[in-house]
Amino acid sequence: MITEPASARDHAEVSALVREVAATTFTSEKVRAAAATALGFDEVAWKQLVDLGWPSLALDPAIGGAGMGTFVQCLVHRELGARLAPSPYLASAGLASGALVLLGDDRATDLLASLGAGTRTAALVLGHGRGWPTDDGPAGLTATETPAGWIVDGRAELVLDGARADVLVVVARTADAWGLFEVDARIGAVSRTPAATVDATRALADLQLTAAPARCLRSRPVTTDEVSGLVDRMAVPLAAEMAGAAVACLEQTLEYLRTRHQFGRPIGSFQALKHRCADVAVALTVAQEMVFAAAEMVDAGDVAGLRIAGPLLLARSAEVFLHAAEEAIQLHGGVGFTDEVDVGLYYKRALVDGELLAPVADAYARLDLVRAEGAA
Amino acid sequence: MITEPASARDHAEVSALVREVAATTFTSEKVRAAAATALGFDEVAWKQLVDLGWPSLALDPAIGGAGMGTFVQCLVHRELGARLAPSPYLASAGLASGALVLLGDDRATDLLASLGAGTRTAALVLGHGRGWPTDDGPAGLTATETPAGWIVDGRAELVLDGARADVLVVVARTADAWGLFEVDARIGAVSRTPAATVDATRALADLQLTAAPARCLRSRPVTTDEVSGLVDRMAVPLAAEMAGAAVACLEQTLEYLRTRHQFGRPIGSFQALKHRCADVAVALTVAQEMVFAAAEMVDAGDVAGLRIAGPLLLARSAEVFLHAAEEAIQLHGGVGFTDEVDVGLYYKRALVDGELLAPVADAYARLDLVRAEGAA
Amino acid sequence: MTTSPTASTSPAPGGTATLLGHHVLGPELPAVPYDHPFRAEFRGWLQQHPLGPEPLEQDARIAHRRAWHRELAADGWVGLHWPVEHGGRGADALTQFMYYEELALAGAPEPANTPGLILLGPTLMVHGTEELKKRFLPGILAGDEAWCQGFSEPDAGSDLAAVRTRAELVGDEWVVNGQKIWTTFGQYADLVFVLCRTTPGSERHRGLSLLVVPADQPGVTIRAIKQISGDEEFCEVFLDDARAPRDWVVGEVGQGWAAAMTLFQFERGDQGYTDHARMLVRLAGVERRLAESETAGLVSSVRAATARARHRDLWVRIQGLRLLNYRGAVLATSGEGLGAVGSMTNLVWGELEKELGAAVAEAVGACGLRAGRHDTHERLHTRAASIYSGTSEIQRNIIAERLLGLPR
Amino acid sequence: MTTSPTASTSPAPGGTATLLGHHVLGPELPAVPYDHPFRAEFRGWLQQHPLGPEPLEQDARIAHRRAWHRELAADGWVGLHWPVEHGGRGADALTQFMYYEELALAGAPEPANTPGLILLGPTLMVHGTEELKKRFLPGILAGDEAWCQGFSEPDAGSDLAAVRTRAELVGDEWVVNGQKIWTTFGQYADLVFVLCRTTPGSERHRGLSLLVVPADQPGVTIRAIKQISGDEEFCEVFLDDARAPRDWVVGEVGQGWAAAMTLFQFERGDQGYTDHARMLVRLAGVERRLAESETAGLVSSVRAATARARHRDLWVRIQGLRLLNYRGAVLATSGEGLGAVGSMTNLVWGELEKELGAAVAEAVGACGLRAGRHDTHERLHTRAASIYSGTSEIQRNIIAERLLGLPR
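Chains as they are written, first to last, in this note's numbering: chain A, 1 to 376; chain B, 1 to 376; chain C, 1 to 408; chain D, 1 to 408.
Okay, chain A solo, but in the shape it has when bound (with noise of 0.2 Å):
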């Protein structure tokens, strides 16, 4: 067996638990055919998830979460990804929920219990772009205030969940800084256009605003530092999907390596690839020590260490579990590169969560930029 990031020891009931829903959930077969409905998502495993209350783990008991945090809900989180889940979990779970929870004030607080309760779904709309925000970079969405209030205009394009959600969480610039908004996803001014990619489990969408009336879910402006705390904790559900991911992949590849045979042995017994199993496993728990030390870090409400450890992680997962894809089809050789056995998904997957929040080589800029202040 493939080891357990140690930090989930003490959660490992929890985390078989989901292992086994996920697994029986999430079939290759389901999520095949879920993945090419028009939504793109499985309604009645979405239902089941949310009747476990998975959608609520790590939010306050106040508002009808469990409080387990965050940490928990990333094992959640890897095992979606392990199964390659075509989930509305990630955006609405994962990303809308926790965009509230860090720079929403008690406006958002409704939003963020029916997103909990799962009675909405919402995605997450980052005005700035990819990447981490700056000052005085480009913003996609602009937000004003009118005499009837706030409305949202710009594009934001590849969105996670924009075409399947009920609400629009967006951050948007603002006159003097940054906001944050509910716009329904449903109305006229919001022009949504399903963006069909290489990863069918993943729904993305094109997504054009038209003076869309926007409810501010949060007083105080947010500050550009906040958008980038923002991006750094959203790496961290993220990561822990392609984490999962990419330990699903090594499995996968495991399994075929010792039963298929070939020059009268297993092949998982020639050395040569016995070795590149053994780099991707190293790699692989090293990730997903990653993912986990930075959900304790969310936990604890440490922005300082999350600063250095989303890009960080972002980066690092998203190598790892294409690393792991392409080994993965490498490895099982012929049928690799055919649509009969799931690791090209994987592969198409890795492609896709490697640029839904940032390029590993923007990640790695921006953990060059924390790491010249902090020497600094």
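These are calculated hints, taken from the structure and not from any lab test. Where is the CB? At the ideal position from N, CA and C, for every residue including glycine. Please note: incorrect hints may appear among the correct ones.
[Stated by the list, open to error] So the derived label-pair ranges between C-beta atoms look like this:
(1) D:Ser334 with A:Ala211: 53 to 63 Å
(2) A:Asp60 with D:Gly21: 28 to 38 Å
(3) A:Gly137 with B:Ser219: 57 to 67 Å
(4) C:Arg223 with D:His205: 47 to 57 Å
(5) C:Gly405 with D:Gly201: 35 to 45 Å
(6) B:Gly67 with D:Ala162: 51 to 61 Å
(7) B:Ser219 with A:Pro138: 56 to 66 Å
(8) C:Ala142 with A:Gly137: 55 to 65 Å
(9) B:Thr37 with D:Phe38: 50 to 60 Å
(10) C:Gly15 with A:Ala177: 52 to 62 Å
[What the hints assert, rightly or not] Covered stretches of chain C, going by a simulated chain A footprint (3 or more residues, C-beta under 8 Å):
(11) 221 to 228
(12) 294 to 303
(13) 384 to 392
Once you've looked at the hints, dock chains B, C and D against the given chain A.
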């Protein structure tokens, strides 16, 4: 057997002869003994190379050369590199003679003839330092014309054979361009300090010239482009030595892997080790082809081709040699990092050769520059 | 949707084609100089025969390539290396090398029907009877009959000698039963060359024969395998009492392994000539597109810098491949085989191809995720490169054992 | 000769030491916070005990480390993880983790005598008799008796169970014959712990015993092996009728393999705590030196940029090692073993160590070639890291077979 460069096929006999001579003249014991002497070379072995006519292989028959071209001379460089020969050959017959052929005019003929005849040895001193010169870059060596003739001033570090050569062939900055000069290495105006480095088989020295009388070896000034062309040209024999050394490194490793047994098998039967040797073999086969393709360009006077091939093969040969040496140490296991086998000597040679003309990063930067010019 | 230029470098048909300059290939090599008369002649023809961009959809893509094959063939620009008696020009390997470089600089695809042109045709010339040569060679050259290869089997994988497909002589016909896999473009083929066991009970390399089996018959079922790229480039071929005429055997009955080995020599000796040039052309396109993406804000300057370093690395490695190919051509011209160098080019090519495919898609940033684009497709497509023509692992084994003499 | 700063970060003795800030280590980890009282206490002591730069020459270096060991021991700062009854503080693994981090931030070497402190001492506590514990533990802690390890043998290499050294009981003494190799700092040792075969004719893991053999006797010849770095860190130990008292057996006679395995657990469980911190401190030094080299024109800006990318990569990987070490400490604190994670840390450490060593020398450009410099030495020295404590290849085998369940 490891692939010979296909380009060297027509010279198989010369190649075999050279290999045989090098193998008996430069055994491990002799090399270690010679490197430990004050001047760091084997005088008897050098006389033998001179008697064989190797220093003048590439020179014009009109000045006593064999007229066989740089290609054939690179076969010698390769085998001397393979044996880590502590010899004036690279500095005198490779670099200094090459510089005289490329940039000297008839004033340089006498010196060239004596280097070819082996009656004197020379070191090449590049006044701009390592790498490729720029018009406005710093110059460590400057030449000034005085009523009494030219004098050269300045400092040069880690010059190959700087302390043991009879003559310095100096490229120094003049008032308006560069010039090519001969300086007697044994005069008081030339202060020579042997520089102990990790590799005792290469004799490096730090030089300080103080108003050293110099003879100008070419009437026209030398342009910065021409000095760059000289660096390209110098890369060829140096890379030939590196490629030869890399091959020798791999061959010693293969021999060890075939004979050393562990867990009841020759360790060379372990697939992971095989694959790593295969990767080294591919890389050095390619590097060898690059070297000999460039030698063909030298013989064809293809300066444009060399502008690209020079930095390319310098960078690749250095990388491949270092990689081959690192793998050799690792694959030898425990004995690999001891002084009891030779692979450590190859590793240390790789470190020095990789800095001699230009470090890898600078060679690639030069390649980028030249390619960008070509595309423009 | 953000648009960015698609991958094709070909102009629309009609006018004159723009050919890339030779500098894209790297430094000139002595035996194939850029001012060689052959290059000039072929470039002249290519300039007059522009072709439209290659379609993304597979059937259309294959049709496009077959049309191009016929266009080339009509003026004698296919099978240059074939002997004159069989319709070629008897060109040597160095000419072939230049031919493929010029095709690449024109942004043109290779001729379709490579299994016939490169593999089966030349193998027929060595091992085939006069009758078979007359029957099949003209159709291959003209592009009228498409061929596919029936070698690999499901349980054999990289172990080719484990062939289990068998053929039995019944009257004047071979009756063939078994299953083949990884048959490139089997669904478009008219004829399959099948390696099968004709001596019952024989083992490994013995008792095999190389038969020519018509594809259009009830006993042959060809099922395409869907790849992660969405392509169906490879097929399974089911042979259930498939029939082949008694005389359609390439080489002696029972000597199929020898014929297959000849065929593999051609595989490594020919396709290698073209790949570096096509890669260099693609890389030049990637470099151009990256600059556009940076200007358009599709990639950050940091990301662009990272990509440039990678492109430089790719360029360097492709130059290495080019030299291996070049030396292969020089060797072939003097009548020598490639030996284990074939495994080297194959290994270098397969690994490069994947990385180049990834670089193509990454040059447009997140746009490279969007379906229906050439660049997106190319990244997925090239994942197979280090597998389908002998995995990189098999190539490393061959190099280590045959070239380096390490024990099995 | 161009000068550049040497590698030591330690101030001259006398005043107060400057300790690097915790930010050098990376983000804070919950169980070992930077404001932990233990850190403050130890930092206070370290600040009052500055030490001079470590000499390059080996004998002087070892003397320096032994002096430092004694200075630490005098105030009870050695063997913190040892039980109080044996002179330690009974500190848990997390305290040990902080201890090593703080030592590194002070630029201080580890205590000398690690074979005794880390390996033999704790193994004695598990398997040793009361007499042996009393006889040996105090000298280990105080640094008065130095130990070395006699495990590997010339023909066994990575195959430890192939031990051929044998011991025979003659009267009240073991008479030991055989040869050991790769014995770290054997030439400085007072005592050797020797794994040898005490059951004649036994095979593999059976019939072995772990004996304590005094080094200073006619039957023991210790020959240092010269390394490519010029160091003589490893030795051959020749045992020719060497004598050891009958009772100097760690564990039962014939149960030496069990004792050895216990010892290996300690090797992986402890040394791991220190290495990431020392690496991070060295890397911070490399980053600073590179900036100086660039300013001084020792490296070009392009080369500096390439080096910086590599330093970043190293930093990221050391952070990974730090997390592995941290988790190891957390596991150990709750009484669990490391399992195959030990092989992971070992693999990651060995590969990193080599690259860091190279980065140190390259940060000063061509100056890193010159003999007699710390940076030059470090590059050569670290080449052994992926070999001597179990090669990277062996670690990968272990991970693949034991952790991933791949067939042998």
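Are Ala142 (chain C) and Gly137 (chain A) spaced within 55 to 65 Å by their CB atoms? Holds, at about 59 Å.
In this structure, is the beta-carbon distance linking Gly137 (chain A) and Ser219 (chain B) contained in 57 to 67 Å? The hint (57 to 67 Å, Cβ to Cβ) holds, given that Gly137 (chain A) and Ser219 (chain B) are roughly 59 Å apart.
Could you check the hint for me, namely that Gly405 (chain C) and Gly201 (chain D) are 35 to 45 Å apart, CB to CB? 38 Å, holds
Beta-carbon spacing of Ser219 (chain B) to Pro138 (chain A) - inside the hinted bounds 56 to 66 Å or not: At roughly 60 Å between Cβ atoms, Pro138 (chain A) and Ser219 (chain B) fall inside 56 to 66 Å, so the hint holds.
Determine whether the Cβ-Cβ distance between Ser334 (chain D) and Ala211 (chain A) falls within the hinted range of 53 to 63 Å. 58 Å, holds
Could you see if the CB distance from Arg223 (chain C) to His205 (chain D) stays within 47 to 57 Å? Once the Cβ atoms are compared, 54 Å apart, the range 47 to 57 Å for His205 (chain D) and Arg223 (chain C) holds.
Can the suggested window of 51 to 61 Å be confirmed for the beta-carbon pair Gly67 (chain B) and Ala162 (chain D)? 60 Å, holds
Chain A covers the segment 294 to 303 of chain C, three or more CB atoms within 8 Å, holds or violated: holds (count 5)
Is 28 to 38 Å respected by the C-beta to C-beta distance linking Asp60 (chain A) and Gly21 (chain D)? 35 Å, holds
For the segment 384 to 392 of chain C, count the residues whose Cβ lies under 8 Å from any Cβ of chain A; is that count three or more? holds (count 6)
Between Thr37 (chain B) and Phe38 (chain D), does the C-beta distance stay in 50 to 60 Å? 57 Å, holds
Gly15 (chain C) paired with Ala177 (chain A), Cβ distance criterion 52 to 62 Å: Check passed, 55 Å falls within 52 to 62 Å.
Of the numbered hints stated above, none is contradicted by the structure.
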